[in-house]
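Trainee: Going down the list, the protein sequences come from chains A and B.
This note's numbering puts the first residue of the first sequence at 15, with every later residue one more than the last.
This note's numbering puts the first residue of the second sequence at -11, with every later residue one more than the last.
Take the hints with a grain of salt, since some may be wrong.
[Claimed, not checked] Rough simulated footprint, nothing fancy, chain A against chain B, three-plus residues with beta-carbon under 8 Å: (1) -3 to 3; (2) 8 to 15; (3) 166 to 175.
[Unchecked claim] Where chain A lies over chain B, by a calculated footprint (3+ residues, C-beta under 8 Å): (4) 206 to 212; (5) 296 to 310.
These are computed hints drawn from the structure, not numbers from a lab.
Ideal Cβ placement from N, Cα and C applies to all residues, glycine included.
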Amino acid sequence: METDEINAGIKAAQINNALGFFIITFGVIVLFAMIYTETFVEHMTDMVAGLILISIGGGMMWKAKSNIKKLKAKQE
Amino acid sequence: MLAGIDYFIVIAYIIGMLLLGLYFKKFVNSSEDYFLGGKSLPFWAIGMSIVVSDIGALDFVGVSGQAYRYGISVGNFDWVGSVPAMLLAAFIFIPYFWRGGMYTIPEYLGRRYNQKVRTIASVTWILFFALDLGVLFWASAVLLNVLMGWPIWISIISTAGVVGLYTYFGGITAVIMTDVVQFVIMFIGGFALVFLSLYEVGGWDNMVDKIATMGPEYRNHFDIIQPQDTKSPFPWTGILFGLTFVMANAYMIGNQSIVQRCLTAKNEWHAKASMIFGSALKMFIPILVLFPGLMAVVVHPGLADGDQALPMMIKSILPPGLVGLMFAAFFAGLMSSVDSLLNSTATLFTKDIYEPFIKKGADDKHYLKVGQITTLVLLVIGVATSPISSDFPGIYVAIQTFMSYFQGPIFAILLLGIFWKRTTEWGGLSALVIGIGFAIFLNVFKERFFTIEDPFLYISWWSFLLGFIINVTVSLLTKKHTEEQLQGLVFSSKILVKNKSL
């Protein structure tokens, strides 16, 4: 793999890591907002939405970190 | 006005967007990074960004309002009004733009026709985008004023500050990646709204039954195809000829802010895939946007202003937390529209006006600086002109009408330019000028020619048709281009296969 490709891969992974962190943060906030809900349906909606956001954000961060690790190893 | 957790979420979202956008500064070292993201972005991010950029906050509210008033026929704009055009763009047009290493659509027109066509097309887009900026700043300010209670000027300056900073430093990478976040949040909030709205109205069948009993004005609410004499702005003839044949293609193929995103792709496969992925996502938009408007007919009947349907549904249906998140996504939608306009206008000015006419052959850092300074100047113009929008409530409609003036003729010359070798520089130039002039004429005398109130779909169709005919006629009478001049610019079936040499 060429250096340019590795650098592009690292750049993409860094971007995904930042996006994942942002999305995960909002997932946590939505989960926290559950304490302000009144009905069961509202409670469940916040919980499902928060968990989906956390899963998407977490997935992006996990994939990005593993890619960065792999690409840095190749770079060395 | 929002309070508590929802207020906190909107503030956190705005600050988070700023920080996220500024983070992308580290990826901008050249003008290619600034305008085309270093040609390194993946298809999924570009596809999401295209969808978000197309369906901004004003459209989100507007489409729900139209669904409330006229029913599901407004969904045509996202189905037949987007998907076929996006597929055509993906397989035919995008590969030529991408392989040609182009930055702007007018750059293609310049190579295919001549410099005059490039300049006229570019100046028209710059004018349109610059006018639109003020409107979007005002709309953002009104939204912040209503949601947060901030004074209008503080709202305008904070919007300009946040969007301006991350677009200035992060360029198109910041624009696209902030769109990705917005997309995720908009989809999750949107599906939650649809699910809870259906629960509230007692299911789809129950809603259809209730709306059917509400009176004759709701008789056509579930007809996707409206008769030609409908009172709604969406008669089938306008949808087919004006929207599907002209405006949709002109928007997806000839709109700088859409196509520029595809040109940031890391390779040609990703460029094409971004449009195809975007078209798949587009099919869900009516569900997210149109259904809440429709369900509002049952939940909030008799609203004087249909555009209130979506905000009312969000406030009354969604739980705390998601209300803030959805309004944050609305605000982000407006920010996304502003940042797209800023970056695309800076690209058009730098590449189509500054580089050929003001300073040719300067080093790359110079053009990067020009792009950034143009962004700042546009920001100031947008802020300064935004109060004009408050004096003219119909200015948004007027600007959309202005867009219909040139979409038809530009699409006519793009279509003939790529598919017909015989079209000449004079054919293109005369089609563009006469076509735009004809669209203005039709709009001025619209009462004499059309029976519906807002005939923008018909105007774009007739101006396209005239532009097409003029281009063919003049081209047949003038000197044609040589084969060498046309290399890589006109359609060849080889573009559909993997081989990259044309």
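Trainee: Taking the earlier hints as the rules, which of them does this structure contradict?
Mentor: Violated: hint 4 alone.
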